[in-house]
Structures are given as structure tokens and as C-alpha cells.
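*Asks:* Below, each chain spelled out in residue letters.
2 protein chains.
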Amino acid sequence: MKDYSPPTAGRAKKLRLDFNENTIGCSPKVIDALKKITSNNLAVYPEYGLFKKILKEYVGVSEEEIFISNGSDDGIKTIIDTFMEKGEEIIIPSPTFAMFKFYASIVEAKITEILYNEDLSFPTKKVLELINKNTKIVVMVNPNNPTGTSIRKEDIIKITKKAQENEAIVLIDEAYFEFYGESCIDLIFEYDNVFVTRTFSKAFGLAGLRLGYTISNKTNISALAKEGSPYGVNTLALIAGEAALSDVEFVKNYANEILENKKYVEKELESMGLDTFPTSANFILTKFGNKCDKVANSLKEKGILVRNRTKDPLLNGCIRITIGTKEQCEQLLEELKLILSKK
Amino acid sequence: MKDYSPPTAGRAKKLRLDFNENTIGCSPKVIDALKKITSNNLAVYPEYGLFKKILKEYVGVSEEEIFISNGSDDGIKTIIDTFMEKGEEIIIPSPTFAMFKFYASIVEAKITEILYNEDLSFPTKKVLELINKNTKIVVMVNPNNPTGTSIRKEDIIKITKKAQENEAIVLIDEAYFEFYGESCIDLIFEYDNVFVTRTFSKAFGLAGLRLGYTISNKTNISALAKEGSPYGVNTLALIAGEAALSDVEFVKNYANEILENKKYVEKELESMGLDTFPTSANFILTKFGNKCDKVANSLKEKGILVRNRTKDPLLNGCIRITIGTKEQCEQLLEELKLILSKK
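As you go down the protein sequences, you meet chains U and R in turn. With the working numbering applied, the first sequence covers 10 to 352. With the working numbering applied, the second sequence covers 10 to 352.
Hints were generated in silico from the structure; no laboratory data involved. No residue lacks a Cβ here, since even glycine has one placed at the ideal position from N, Cα and C. Hints are supplied without guarantee of correctness; some may be wrong.
Unchecked claim - Label pairs and their in silico Cβ distance ranges:
| no. | chain 1 | residue 1 | chain 2 | residue 2 | range |
| --- | --- | --- | --- | --- | --- |
| 1 | U | Asn-141 | R | Thr-228 | 35 to 41 Å |
| 2 | U | Glu-336 | R | Leu-268 | 53 to 59 Å |
| 3 | U | Asp-41 | R | Glu-138 | 58 to 64 Å |
| 4 | U | Lys-65 | R | Lys-272 | 47 to 53 Å |
| 5 | R | Lys-320 | U | Gly-96 | 49 to 55 Å |
| 6 | R | Ile-123 | U | Gly-96 | 31 to 37 Å |
| 7 | R | Lys-135 | U | Lys-167 | 55 to 61 Å |
| 8 | R | Asn-126 | U | Lys-23 | 57 to 63 Å |
| 9 | R | Leu-349 | U | Asp-41 | 17 to 23 Å |
| 10 | R | Leu-347 | U | Lys-65 | 52 to 58 Å |
| 11 | R | Asn-49 | U | Asn-141 | 55 to 61 Å |
| 12 | U | Lys-23 | R | Tyr-273 | 36 to 42 Å |
| 13 | R | Thr-228 | U | Asn-175 | 38 to 44 Å |
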């Protein structure tokens, strides 16, 4: 197994359309709150109480149904560490976020990667057929990264039921919830095998602070708490999270703006003769065919970062582009036109 | 196994002499640096480069010999997760920091807790006798919490050699290094089974930020990197750590002040007829006999937090008290005198 080295060095000063982060940053209320910190805040071990009180209102569950984690990938790791033994199976519809496979490899799980359908729709039928008595976790990223695919709720329920019959859990990652708007959190009240992970790294603009959470029933959350570090999330992330949740309007407006801009970029790309896949998140998957390397490198030279996904299964010829503000989108489109006009 | 619930809620406004934190907080340079953060800092995934460059100078090793972790307990967890399989033995001289046992339990290690000697000196002979072919990790906390015991370097080397012969590693925790002044980091150049963990939570006053590191040879550090999260440490912890290391003088002065105050408190306690154990860290272990509960509770009512350790093996009748500033020490002693004068 290889060390996972994220290609993130030296990004701070670029136009970052490569990691699906919030491109304008967090609510100003977060910065205000952080400017008030004292050395006293920093000297004391973190306390989760107040943040949990505020978060439960945002999510609509009780505090006992929330597990706070050091970014959502720490939540994913804790779920895998808690529920998987060596040799048990995790089903990962791919291509998707790399960390499911990474953490499953560490516990030496049997990793079954199954491809999305050719049209990038979710392979519900194939997943249902695969679930068996050795299956322990079924991953559903909704909407998925990098395909942008959302999954119909009735399909999620079918899979959840089949998993439950086989004593497997479903791990539903909602990292892009704030852009998509639909959630499966209500399923935790009906099914005892549902875990939903979310993050403050995307729409909330707090990727640098490592703040995520997992929602499930009380028994499951209590099991996660036994495995996770009691001090895993730092004080400033909690303070920032509290401030961010005091200004949910900011994130809603941002998400709406991004969805508008996504339509605009799709239309513009189309008029340039480029195909895009419909996505339910804050990014666009665009077909550049054999020009992927050239386009990605030329954009980088201009200070614009995008993610070349042409080596991913099903995504041959595709680049993933995070949608930013109108101005950022215009900057991108302008450079793209220049690059594509050159022979 | 029980969920580990740290008794840390509601501590921010008290005189905190219970967790061996820095009682005056971090260098003002840290606060200055954090006040300059922008939403851009927060939106981007963490980058470790600059912090590692500064840290390697402080520690005196190369970047490839450092593993950065989300607090030192994340480093401890990563070492255990990387090198232990179910059923393999970890030797933990006790009483000590709870997290070794906690994380070893999670991987279902065979946990051999061996008592410190009656005089609270390190049980070198017993540890040497115990190491066997099934031993995978030997823990040495130097100086130890809560006993305050330091270990003679020649004893550490004996144990390291015996461990090496048995293909076991030694995990030397130096959380209190800045108060003790002696380190075993040089052993990584001579022995391939040495791991040293350290933290910014104690002398540096950054417990709230979760910043720690592990030192070992390049091969070992590379193995840890394969197990750990690539984004485990948050951006503000890195910025704070950089600023803290730009003002090492602050920590040196603080440590010197604390060592002076420790002598003062020891003398005062002695003059009150109370026995103390000599410690090599920023706390004092004091014998209150059957008055422990009364003393700890009465202090708490006065807003002074200490840790009652009377239920720990060997520490019957003992309270652990973090040493603070001269004024804080005087406040403590004054209240103690009042409490003990009451029948």
C-alpha cells in the first residue's frame, strides 16, 4: 500500500478550482470569532459541549446522535476501524473519494470496487447483487465525487434494507449536502445500520480546520466514541464551527450562487463544443478528450488549478472543475478559450 | 472497554492545576499570528511544509524523521495501529497516561501493566525481565505522569537493546520534555526501534490546538505516514506551532519559572507537614492521606482544579497538582492551609 500524498502543496495563492472547496472562504463571522481568541482558549483541552448544542439544531437530531470528528475523513476512518475486521468486505462504487479505500486497506478489508454505470449513474442493481453475508460496509457518496452523481433515495433505501438483512452498515457520505440540498439523515430513525458523514470543508469553507461529523443512532454513535480520540477536534475548529452555524444564510446564499454559476459554465462549455456531465455538487466534469493534460497544465501556468481525472476509470478524457464566483468562472472560461484556440 | 470520557468540561474559567497545562498560556506571538488569519487560510486543506522546516531545527533531526500528529495521542495511536497486531504484547509501566492502554485495547493487544516501584522509581529490572518474543511495544514515559518519575538514560538504553533483540519497539513519551530538559531523541540514530513522542499541549500552552509529533528513523516515520491521515493536523495548529517555535525563549523562561515555583511549593507543603514525591515535570504529587476527597472538593469549590489520584495503584492518598505562576501557587497554598486547618 502506498502512502497517500495529497497533491495540495503551494495552493494558497492560486485560483483553486481543484478541490471543490468554497472559493470565497467562510462567513466573515468565523474570522470575527477567531480574532477574539485568547491564549486561555488555546491552553485548555477542547470541549465539545457548546458546538454540539448548536450543531444538533442545524442537523435536526439529538446530541447523542452526533459524533464530531477531525474532518469527515476521521469520521470515515473511525467507522471503518469500529465495524470492520480483517477480511470483511467493503463495497465501494468507483471512481470516488480516495479515503474509503485508503482506510479500508489499513484494516486489511476485502475491498470490492464496483464501477459506476457508463453514463455515470449509480450502479444500484450491481450493488444490490453484490451484498452478501461477508459484506460489512456499503459506501454511497451522495452526491459523488468526482462523478457528481446523486443517488435516488428509493435506491438508497433498497440498498440499506439489503445491507441490514446481511448485518452490514451503509456509509452515506454527504460532503456536498449544502449544494445538493437532499439528505438521508432521516433514515437513521428507521434503520439501525445507517451512518451519514458530513464536513465543514466544502460549502462552509473550513477545509483547513478539520471539522466533520457523523450522524447515526445513539448505540452506533456510542460505539464510535469508544474508538475515537476524546480530544480529536481542536478548539479553534469548534469556535469556527459555532460561528459558521450562526450564519447559515451565508452558506445558503453561496450555494445558490454556485448553482447559478454552474448552469452558466455548463452553457458556456457547451457553446465551446465541450460535453459536460450533469452533477449535483459544486463542480463540473468536462470532456476534453486527449487534450486533458494540455488543458490542465496550461491552466496551471495561468494560476488556475483544476483536477485532471482522465486516469480514473470511466473518466477518460475528463477534467473536474470546481465552480466558483461569476468572476472566477469568467476567468476560467476566458483562459480555456485561449488554450483551446491554440493548435 | 469503556468510552474514555475526559473530566475536562467547564474548565476554562477555573484555576486549572489539574491537567499539567501551561497556566499562563502560549507566547503572545502565537496570538499575533492567529489574528492575521484570513478566510483564505481556512478554506484550503492544511499544508505541513513550513512547520516541518521550523520544527526540524528545534528538534535537531531531518524532516523525514518527523511525523506530525493531531496531538501526541494521535501519534501514540498511529504507532500502536501501525506496529501491533491483536494478541501481541504491550508493556505499560503504571500508573501512567491513560491513552496507551486505551489505544492498545482498541487493537486487542495483550496489555501487561507493571507497577512502578514502591518509591515510584521506574521498574527497570521488572521491565527487562518481562520483555519476550511476543512483546511488540515497551512504553516509557519520561518523565512520567502522574508519578513525575524520570528514567535514567542508561536504563532506557538497556531496555531499548533488550527490546531490539526481541524485535519490539520502545515508545518514549516526552510530553514534559521542556520542563525536564533531557531527551532520548539521539537514540534514534543508534537504535532502529526507538520512537519519541512530544506535544505542544504542555509547556507550549497549545492543548486546545492538538499538535504533536513523533521522532524516529526515516523507515519508521514512512511506515507511520502510511497509517496516518494525510490531513490530520489543522492549519491554525500549524500556524500557531510556527509562531510558538519562533519564540522558544518564552517557553524556556516559563519552564525555569515553574521549576523555581515547584521548589517553593514543595518547601511550603513540607512546612505544612505534607509529604511530596520528587518530580521531573511541572507538577507535584502530594500525600494528603484520607483527606484527598475533602481537599480536592474543597479546592474545586474555590475554583481551583487539581487531580485526585488516590484511586491509582501506588498513589493511595495522593493528589497531583500542576505548578503555576508564583501568584497561582500562593493562591493554592493559602486555600490549602484554610482547608487543612478546618477539622
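*Asks:* Does each hint fit the structure? Answer for all of them.
*Replies:* Going down the list of hints, with the structure as the test:
1. U/Asn-141 - R/Thr-228: 35 to 41 Å: holds (39 Å)
2. U/Glu-336 - R/Leu-268: 53 to 59 Å: Since U/Glu-336 and R/Leu-268 have Cβ atoms about 57 Å apart, the given range 53 to 59 Å holds.
3. U/Asp-41 - R/Glu-138: 58 to 64 Å: For U/Asp-41 and R/Glu-138 the Cβ distance comes to about 59 Å; the hint holds.
4. U/Lys-65 - R/Lys-272: 47 to 53 Å: Roughly 49 Å apart at Cβ, these two residues keep to the hinted range, so it holds.
5. R/Lys-320 - U/Gly-96: 49 to 55 Å: violated (40 Å)
6. R/Ile-123 - U/Gly-96: 31 to 37 Å: holds (34 Å)
7. R/Lys-135 - U/Lys-167: 55 to 61 Å: For R/Lys-135 and U/Lys-167 the Cβ distance comes to about 59 Å; the hint holds.
8. R/Asn-126 - U/Lys-23: 57 to 63 Å: holds (59 Å)
9. R/Leu-349 - U/Asp-41: 17 to 23 Å: The hinted range 17 to 23 Å is violated for R/Leu-349 and U/Asp-41, with Cβ atoms some 47 Å apart.
10. R/Leu-347 - U/Lys-65: 52 to 58 Å: violated (42 Å)
11. R/Asn-49 - U/Asn-141: 55 to 61 Å: Violated, since R/Asn-49 and U/Asn-141 (Cβ atoms, about 47 Å apart) do not stay within the stated range.
12. U/Lys-23 - R/Tyr-273: 36 to 42 Å: This hint is violated: roughly 55 Å between Cβ atoms.
13. R/Thr-228 - U/Asn-175: 38 to 44 Å: holds (41 Å)
The structure does not agree with the numbered hints 5, 9, 10, 11, 12 stated previously, though it agrees with the rest.
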